[in-house]
Amino acid sequence: MLSSIIWTPLLFGLIGLLVPKRFAAWVAAFGAVITLGLAIGVLAGFDPDGGMQYVTDVTWIPGLGVDYSLGIDGVSIFLVLLTTVAWIPAICFSAMRGTERPALYYLMLLAGETATLGAFLAQDLLLFVLFFDLMIVPFYFLFGIWGRDRGGENDPEDSPGNGVVTVQSATLKMIVFTLIGSLLMLVGAIAAAVISADGGELTFSMQTIIARGLPDGSQNWIFWFFAAAFLVKMPAFPLHGWMPDSYRAAPLPALAVFSAVLSKVGAYGFLRVVLPMMPDAADLFQTTMLVLAVASILYGSAMAFTKTDLRLVLGFSSVAQLGFITAGIFAFDVTGAEGAVLQMVNHGLVVVPAFLIVAMIAERTGSTELGPMGGLAKKAPVFAVIFLIVSMATLAIPASANFIGEFYILNGLFQVDAAWAIVASIGVALAAFYALRMYQLTMHNPLPEGADSREISLRDALVLIPMVGIIVVLAFCPQLIIHGSEPAVDSAVAVVREVAR
Amino acid sequence: MIFDAPTIDYAGLSPIIALTAGLVAIVLAAVIDPIKRFGPVLALLAYAVTAGCLIWQWNADVDLVAGALRLDGLAVTLSLLAVVSAAVAVLLAIGDPSETQAGRSDWLALLTGSLLGMVILAQATSMLTFFVGLELLSIPLYALCGTNLRRRESLESGLKYLIVGSVGSATLLYGLAMIYGASGATGFQAIADGLQAGDGMLSDSLTLVGVGLVAVGLAFKVSIAPFHQWTPDVYQGAPTPVTAFMAVATKAAAFAVFIRFFEVALGPIADQWDVLLAALAALSIVVGNVGALAQSSLKRMLGYSGIAQAGYMLAGIVTATQAGVDALVFYLAGYVAMNVAAFAVVVIRERQTGFSDDISSLRGLGRSKPLVAWPLTIAMLALAGLPPTVGFIGKLYLIEALVDDDWTWLAVMIAIGTMISLAYYLRVAATVWMSPADEPEAAAIDTAALPPQIAGAQVDPFDDPHADRRWYLLAPAIIAAAAAVFFGVIPQPLVEFANHAGNALSIWIS
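Going line by line, the protein sequences match chains A and B. As numbered in my numbering, residues 1 to 501 make up the first sequence, in order. As numbered in my numbering, residues 1 to 510 make up the second sequence, in order.
For the record, the hints were derived by calculation from the structure and aren't laboratory data. Mixed in with the good hints there might be a few duds.
Taking lysine-lysine pairs in the DSS-like style, the calculated list, with each CA pair at most 30 angstroms apart, reads [to be verified]:
{"id": "1", "chain 1": "B", "residue 1": "Lys369", "chain 2": "A", "residue 2": "Lys21"}
{"id": "2", "chain 1": "A", "residue 1": "Lys173", "chain 2": "B", "residue 2": "Lys369"}
{"id": "3", "chain 1": "A", "residue 1": "Lys173", "chain 2": "A", "residue 2": "Lys307"}
{"id": "4", "chain 1": "A", "residue 1": "Lys307", "chain 2": "A", "residue 2": "Lys378"}
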């Protein structure tokens with residue numbers, strides 16, 4: 001069952017290679033919908049208190065102790081749903097506009113979905129590392145082939161002073177940063193398996209490694225090998241150096257899923273691998289991690305407030321949001337971690353429509369620069385309302401699910417030390433600044449010359465309104481995720497709390 | 001007086017016999033004009049029969065020729081890799097100027113001779129066969145490097161390889177002599193017994209100097225830093241089919257004897273040489289990867305990358321465990337696939353763009369010639385160790401073997417080296433997919449106008465605009481790339497292949 005969720009996207013991507021070019025997009029969209037259907041099927045039979053479910057365990061490379069082992073629990077199920085949901089609008093949005101070399105484009109996009117789902121479902125440490133590495137490969141090609149050089153004299157869409165970014169340098173930076181982290185993680189994963197086996201039978205099964213336990217001294221360095229990979233992926237301050245360039249160069253539909261889902265794999269990794277496997281180290285480095293998280297919140301918010309390129313505003317706001325999520329996880333408190341899981345889903349759901357709206361704004365004004373924008377709301381009330389809902393969710397207005405998520409996180413942080421909660425809450429206030437500024441500067445003010453304020457087309461509305469609908473529904477019943485993830489989150493956090501005591 | 005005729009194990013010797021017969025046939029065919037054209041067919045036939053013999057003898061575990069050779073899992077697996085690479089070299093050389101200028105049969109005879117040396121080397125269990133095999137491997141290669149008679153670089157590379165290679169061989173011979181002096185034996189097993197029995201010999205300076213010199217000599221052959229300086233020049237200058245053969249087959253054969261000599265003959269003093277080899281491996285990883293960063297010639301880049309990859313593989317010997325040998329053989333098999341794919345594409349682009357192996361000759365290839373672009377891209381991703389390719393599993397295997405034997409720092413070195421390598425491997429992928437082919441393809445060098453470097457060499461047109469449609473160039477590229485992905489997704493068959501090699505040494509190492 002879980003295998004079919006993982007491999008369906010890739011299968012449809014490959015079918016897309018065989019059909020005539022103009023059908024490739026719809027084959028891809030169909031594949032993404034089927035994957036969502038399978039994920040909903042899993043949800044239907046899911047029991048929040050049942051621990052690891054739908055377990056698949058097949059030996060894959062017996063010589064190396066690697067198994068093809070999958071499973072789903074209260075944390076991964078919501079991220080799997082997020083992934084399968086997020087890919088559909090991205091594919092449909094591209095499908096309606098057409099892309100160059102469509103078969104290859106959708107193959108890469110769907111391969112990315114396969115790898116991401118694999119990372120969320122893997123229960124074998126090495127399989128997790130493999131999918132984690134694999135995620136970046138299709139996005140390297142997506143950003144590189146369908147991305148665009150930005151800045152410089154030949155780019156009227158870019159304001160001077162942003163600097164020149166070539167696709168080649170941006171993608172290289174991204175993949176080198178990411179893989180530096182994940183290669184260290186590979187060594188760390190192998191060391192964890194070897195050290196925990198202690199001469200016994202070598203296995204990468206996460207549950208076995210957790211059960212066997214790691215000695216304190218090894219935990220400390222293995223912790224940082226894993227943390228490096230996850231923090232780069234998120235990205236967290238100060239390892240976000242790759243983010244601005246690749247966000248500026250990337251094609252927006254691919255960037256939407258990248259920002260919405262791939263960044264969550266890092267946070268998920270902390271919950272799934274780091275806390276249960278290295279509880280002593282996690283406890284030891286709690287303060288360091290919280291400092292990094294709070295620094296990400298403040299730095300990300302401040303940058304989001306000052307940047308004028310909409311891509312970067314959203315990019316840095318993600319840095320801040322991921323900071324919140326990290327803080328929630330490292331509070332070692334059940335409410336904090338539940339808030340983190342909820343916030344992972346919320347942020348993913350908000351970012352996908354946000355980036356697609358940015359793409360539509362760029363179609364109307366010819367740029368993603370805030371400077372020469374404004375007045376788009378004039379003749380487009382529906383478009384403006386959709387954007388307003390997304391902006392309000394981003395700034396976590398009370399009654400939104402994001403508000404609940406941030407509230408839970410701050411609540412968890414408060415249990416550690418009130419100071420953390422107070423500093424982090426500055427981030428909540430700053431979010432209101434940058435989200436409202438983004439909305440105002442694009443939608444209000446006089447319409448500049450050359451910009452076209454037109455209503456959202458029906459096809460785009462069909463893509464966006466379901467996403468906005470999910471955001472609204474989740475605002476009414478966030479407890480679905482809070483309660484659904486509670487047992488799984490509790491077991492992850494309990495290990496560390498045990499140690500801390 | 002009655003002599004007992006020595007029993008000859010023809011079955012065990014069959015790979016060597018088949019290859020020798022093939023060599024004779026190729027040389028004889030040279031004098032018969034109508035058959036001459038079919039040289040490649042003859043060579044491929046000979047290699048196929050040899051490969052067949054090797055597979056027939058898959059489970060062999062026998063000493064041959066009074067213990068001078070040993071046909072076992074290690075020999076069979078690594079000989080197979082060498083034979084496959086030679087077959088690829090034959091295909092890639094069809095229509096290559098080096099082959100036409102030097103004379104097709106002569107070229108093929110040299111290649112087959114070198115391959116025979118490799119097959120002998122992979123089975124060598126005595127210092128005599130070790131050295132004979134190594135020289136039989138090397139001397140035809142020196143000549144092959146210079147077969148592109150019209151290009152100064154080719155002749156230069158042949159000469160350079162000859163000089164450096166001879167220094168390496170001499171160093172090796174010196175070392176072998178010293179070890180003989182210390183242990184009083186030439187057979188690997190006898191050396192090990194001598195080292196174990198002799199009091200104080202374990203730390204005898206004569207032995208240790210000998211071990212050092214042998215390591216240096218072999219380091220020259222597999223291009224381990226700091227004995228690598230010849231590699232980029234020779235790789236770049238030599239005709240590309242020869243470079244491909246050199247990069248892949250030589251490593252397979254030389255690592256076979258490297259494993260056997262160090263794990264079997266010098267096994268008892270493993271804790272004396274492991275640090276030396278670990279240092280060489282680490283240095284090689286750094287030098288190779290950093291050196292490759294600044295290269296604009298693909299062949300030079302692959303040369304430096306080969307130095308780094310040799311460093312990774314050497315790490316497998318350092319552990320002196322069966323897991324280490326398994327990992328090395330696995331990595332080597334993957335390395336064959338990745339490099340064959342890469343070199344085949346280099347050959348295609350060279351012929352299409354007037355013998356330029358500059359990275360810029362790949363611009364926009366992803367759009368215009370996806371069938372050529374994909375094998376190269378997969379080769380680069382595999383060399384960089386990304387999933388889902390055999391390169392990822394190979395690194396996993398090596399790191400696991402290293403961490404398991406407490407060589408975590410060397411495992412981290414491999415990880416760091418891989419990080420550096422991303423920069424240059426992915427630059428190739430970026431050129432293929434992310435640069436527009438805005439420049440017209442480089443004008444073909446007017447070969448007729450070049451003065452012959454050797455009097456009497458014929459004038460041939462080099463460029464072949466349809467090289468990307470020649471099956472004998474495309475097939476190796478596509479099959480090798482497919483194998484690199486296949487064994488990345490389903491590695492178990494290759495793991496068993498590697499285990500078969502490692503099991504052969506189970507008597508000597510844990």
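Checked hints:
Of the pairs offered as hints, the one joining lysine 369 (chain B) and lysine 21 (chain A) holds, with about 17 angstroms between alpha carbons and a cut-off of 30 angstroms not exceeded. Between lysine 173 (chain A) and lysine 369 (chain B) the CA atoms are separated by roughly 27 angstroms; this keeps the pair inside 30 angstroms, and the hint holds. Simply put, lysine 173 (chain A) and lysine 307 (chain A) have alpha-carbon atoms about 20 angstroms apart, close enough for the 30 angstroms limit, and the pair holds. At roughly 25 angstroms between alpha-carbon atoms, lysine 307 (chain A) and lysine 378 (chain A) fall within 30 angstroms of each other, so this suggested pair holds.
Of the numbered hints given earlier, the model fails none.
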